[in-house]
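*Asks:* Residue numbers (our numbering), protein chains in the order written: chain A, 1 to 352; chain B, 353 to 704.
Treat the hints as calculated values from the structure; they're not laboratory data.
Here a beta-carbon is modelled for each residue, glycine too, at the ideal position from N, C-alpha and C.
One should not assume that every hint holds.
Restraint ranges, calculated between C-beta atoms of paired labels, are given here [to be verified]:
(1) B:663 - A:179: 47 to 57 Å
(2) A:218 - B:404: 51 to 61 Å
(3) B:690 - A:155: 29 to 39 Å
(4) A:52 - B:629: 34 to 44 Å
Where chain A lies over chain B, by a calculated footprint (3+ residues, C-beta under 8 Å) [unchecked claim]:
(5) 396 to 406
(6) 456 to 467
(7) 487 to 501
(8) 520 to 533
Some chain B residues well away from chain A (every beta-carbon gap over 12 Å; in silico) [stated by the list, open to error]:
(9) 648
(10) 653
(11) 667
(12) 701
There are 2 protein chains.
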Amino acid sequence: MSLGLVSIKPMPKSEVSLKLHSQESDLIDFIEPIKFELAAVEKELSTNLIDDNPFIDELLASVLKSGGKRIRPMLVLYGAKASQSSAEEIDHKEIVLAVLTELIHAASLVHDDIIDSASLRRGTQTVNKRFNDRLAVLLGDLLFAQASICLSRLMSPIIVGIYGQVLGDLCAGEIRQMKQQFSVSVNWVEYINKSIAKTASLFSAGTRSSAILNQADDEVVDGLRKYGLHLGICFQIIDDLLDVVGSSAKLGKPTGSDLRAGVITAPAMFVLERKDEASKKLEELIATRQICSDEGAQAALSLILESGGLESAVGLAQKHGDMAKDSLSILPDSKYKDCLVELIKYVLKRAN
Amino acid sequence: MSLGLVSIKPMPKSEVSLKLHSQESDLIDFIEPIKFELAAVEKELSTNLIDDNPFIDELLASVLKSGGKRIRPMLVLYGAKASQSSAEEIDHKEIVLAVLTELIHAASLVHDDIIDSASLRRGTQTVNKRFNDRLAVLLGDLLFAQASICLSRLMSPIIVGIYGQVLGDLCAGEIRQMKQQFSVSVNWVEYINKSIAKTASLFSAGTRSSAILNQADDEVVDGLRKYGLHLGICFQIIDDLLDVVGSSAKLGKPTGSDLRAGVITAPAMFVLERKDEASKKLEELIATRQICSDEGAQAALSLILESGGLESAVGLAQKHGDMAKDSLSILPDSKYKDCLVELIKYVLKRAN
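Construct the complete structure from the given sequences, taking the supplied hints into account.
*Replies:* Shown next, in the form of structure tokens:
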């Protein structure tokens, strides 16, 4: 399906040295202005800081080399460039910040896949499926440890505090999601809080901290914090939407996975709040747990598609995209600020 | 059994307000000079810093209220008192340091129990057994998150670095243990490295950081670092020994658990390196995995008891206890330094 959002002319791919996962090739558009920095991030991501042990090298590489969008490192690097007062090269600390932001994301995915008993991620088997839960626990902890070592290298207690809160938010987000499982009552405040905890808190930590490292003015730091926050909420809504429309190949996991697991996504919530025939049918599918079966999930997906749940979700995502854009108004104009705007469009375009 | 180590006269128990697990009542001897600080640690341990969510309160309390020796908070508090230049009250930051040191310990236990598929810890069911692996992953992460938030409050990048390395060491220790499972080759360097990574790294981080927070001289910081390191190694050896002689009630898990799981402990290594009849029999029990059965584990325990494996292990523990004591020589004399010495005796006395 096309949601009629902005399309962006791709850059010649030969100019880009960074290997991205094939399904994410449209991200290549954005990386040109930060390609050297992103290459440095890739190099540091696969560096084992913990122990001189080939098994640890192997474990770390098994998750970190599996691709991924690297959207969080991009946010840090563009945040750094856009909040710089001069056009100097960015400080090595910004690379370390980008690396640790991706490490925390990777760690949370590995542990989330155990918690959700997921078997597929980014089109490949999850660590818990390929090996077992025990190794996945260890690998997640290794990634958190590596992130902590990076964090200490920034020599910034404020940023340690920001990321400490992010770790708490990631756990709290998972708990909020558990608590809302199979719930048919629509509570948008709770939904937004869950999206912040699960996704936007880390986005926002990255953009905000990049400006803190640059010793940018408080207004710039706060502008980038809000940008990350709203972009993160927007990203989470689009993720919900892809659970309805994304093909298994594009999403890397089967369509309807969230619904089957009782995670009531934004498009489903828009149907549920209508209190009409469609919402009653959806409520019944959820309450009776029929939604966990192939037929039930398919019926729920059809209801959402027929009842405009998708369009409403796109509208909400667009609203947070606009708020992200508005948050940038405090930043001086630059090509990097433009890239941050383009990144909003990319996040929205994922639904195309 | 008695290994003839020093016994310490108990303090009147009525003077002590802190509730300790019954099996650890002999620790009451030590807490008098720091009882108010330890009470503050207990209070902060059960404070949820993450999210206003009763489920999180409940999860945190379920592990943190289950007792435990609190030996790591004691190390931090005595390190703080002994490295202070004046007799003032200790800074609140030392309490936070004691809390986060215990939180990291608790988190690593919860995740280790998943990795080891353990069902009993401190005489009660493990989180993975009582609930499931998924909740145990989340609870361990919550405890790490809470520790990170505490860490940020110290405003010390150096201490963030020290604890970042501890997190890496804890993972590396688990991996080293996995790699040495069912190995009959005796490598003491590898054994000591594993003991440092699993136990001594966190002990040492606590004592060292307590002195750093006090802005103590480098020699004092290093003395306390070495003290924690050798006491941690000593503690790990005694833990190995308790796997052979400790009753299930005292240890909180069945005797021989480590051996059954293929973890070759110090007493077993002392038998294996003898290259005599006993060592050949033990080698066979390990190589054939007979050691995993009740009869095999019992046969291995008997071999260790008959071949002096225990006495040799006590000797090694005593050696590291002595090295811990020697490391304190740089510290000025005080009743708190005396308590650190008593703590070595307590650790050794656990084998009585």
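*Asks:* Enumerate the violated hints, using their earlier numbering and listing them in ascending order.
*Replies:* 2
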